[in-house]
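Chemist: Here the protein sequences come in this chain order: L and C. Going by our numbering, 117 is the number at position 116 of the first sequence; the sequence numbering is gapless. Going by our numbering, 316 is the number at position 315 of the second sequence; the sequence numbering is gapless.
Keep in mind the hints are simulated off the structure, nothing from the lab.
Which copy is meant is left open, so a pair is good if it fits within one copy or across any two.
For lysine-lysine, the following DSSO-like pairs were computed, each having C-alpha atoms within a straight-line distance of at most 30 Å:
#1 112 x 194
#2 311 x 293
#3 129 x 194
#4 112 x 252
#5 16 x 313
#6 271 x 112
#7 194 x 252
#8 252 x 129
#9 240 x 311
2 protein chains.
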Amino acid sequence: MVFHVEYPRIIPERKPPGHQPAAPRYTLRWHDPVETMVSEYYGMQQADLGWKSQRQFFEQVQASFSHADGPAAHEVMRFTDEAGETNAVVVAYWLDATRHARWGLSADFPKWFAARERIEGGDVGYWKETIAVPYDRHETIYSAPNYRIGFARTPNSSIESMTTNGYFGAARDRIPVSAIDPLESPLRGSPPKTRTVESRRRRLRVSTPLNMTALRSGQYWVGAGVEQLGDYQENLQPKLMRGMNFLLDNKEETGTLALRVMTNLDADGKDRAETSVLAYFLSLDQLEDWSKSHVTHLDIYRHAIAMNRKFKDKREVVTWHEVFVMPEATSFEYVNCHPRTGVLPYFDLLEPLST
Amino acid sequence: MVFHVEYPRIIPERKPPGHQPAAPRYTLRWHDPVETMVSEYYGMQQADLGWKSQRQFFEQVQASFSHADGPAAHEVMRFTDEAGETNAVVVAYWLDATRHARWGLSADFPKWFAARERIEGGDVGYWKETIAVPYDRHETIYSAPNYRIGFARTPNSSIESMTTNGYFGAARDRIPVSAIDPLESPLRGSPPKTRTVESRRRRLRVSTPLNMTALRSGQYWVGAGVEQLGDYQENLQPKLMRGMNFLLDNKEETGTLALRVMTNLDADGKDRAETSVLAYFLSLDQLEDWSKSHVTHLDIYRHAIAMNRKFKDKREVVTWHEVFVMPEATSFEYVNCHPRTGVLPYFDLLEPLST
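Isolated chain L, as found in the complex (with noise of 0.2 Å):
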């Protein structure tokens, strides 16, 4: 079987009658029937994180996983925060709440995350954001059926050609739920202001707004020859970076509330050739309104398809991403901090007390 959910539209799609798309794209869908889509990330944050404390982390969090009710799939990685802070991070995916749930009482890193002592880190903080849906509230995307990344990479699932892409309204198509839920944000209208919150010596809880929406973006391009190796360094690469950091300087406007470049790791803890961004945006519209209208997407998407249209299926650079719209929730948990870590500066703040 191939599992997917349909709903009975009352909210017209948005794909143009007729439409053949520039380019071939791939979904993932799943053999068995998904409830709900857990990605779980966890980071240590420090000015000067070396590779032995990254490695120590990693290790600890990757033996956790050895657990009945570990993920089905992980990845490692890095990124530098807009505060110059590194962070080392690990996601992890279930495709089970309650198992993901009964990992959480139970296995050994959850427990030491919760301990009180994490407080006291000195200027390391830790910090875990949750990423839980309903499977009607998730899409995802890949220029290439051959390689296994993000969700992907969970057991029973296969990545299928589709043909809901290359036009703008894709994303919101391919989700579900969009056929009968609009999925604004409750704070269309008074978006949050940012202010500086005490997070240091603390442990806080951020109340995420329903239809908050998560992005996972990636490029991988590992094994790459000269001349495909030579384009994406020199062009797709640049123009990724100059609509990330016009995200992270018009963050208002664009309803981006907190965007990070992230390297996936070899064992050593040296760059792959792969990255991805993990961005939150107040609403899935506010993605979409920069998707479609701004330059510097513009020049992504064109530059992406021309090189998948010129090398057809000699393409060696992969791009994909998955995006949740997520339900109100208070599982953005920060210990130790800096106050412009994740989605802090934004929200209602929660301080779990000690039992």
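The hints should help you fit chain C onto chain L, whose structure is shown.
Modeler: What follows is chain C alone, placed relative to chain L:
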């Protein structure tokens, strides 16, 4: 259209082959797609809460419903809790999570409820329990199609005849997602222990676990004639109270977390001939265990069926329930309440920070 969600089954249904229900039963459907169902309970609590205070509370809450994003329906109730305190209760129903969130951000009552002064209410406590579930995590049943109560008060719905009833496991079978999810508690095997929390002069949110199950189960006998009224008062009601007291007296064994027997009120604060139980269970299977095996539930069940068979469409007592199997949430908030209020005694607590 009649909207409903169905999944390809990977978990067998409980319905025996060829099953024909012993008595007709009904369930609620809507004529537009429904994504999220929100029932939100607001409580005011005091040992000797007089009608004047109750009325003021009811008026204040109801006034705030005159709002573009106000609820689709609401009800006014009262109960005495396990500590002997009186609780005035309003329940409000939304079928649109965005409207519910907007109302929460801009209406008067939520602002008043969130104000710091509420923790300084002397011996008066306030609480809010928000049950927000995707459509596929609910089920309803009514003994008759003619009385509109609970979610059935919302517009664009109809009470439809069904045959998924009259066997043990029918409630589970009616929950769409039970086809693909056993809906177990991640706390199975290690149920929470009751503990006393410092809850006065504080605002506390409770972190409720995945698959906690909310039941609202009601009885309506307005206008019943002498014979059926007598039977209700002498037979069904005492059996019902025996069942509820058994659950209250055996909380840990039965997975019961909280249980209130509420009475609907008229505009003058007088009891209507209409009651309902609002109860929370650690998991659906524990509620099922009691229903299928304990004499106190079998007594209720058999009597209700016998009266249905005796009076058929002349039956003047309506029984019904709504069940919601909840995602992980932090949506139950208690302000200056006594420590035995709701689910306060069981789970991790969070303190919202004033901003």
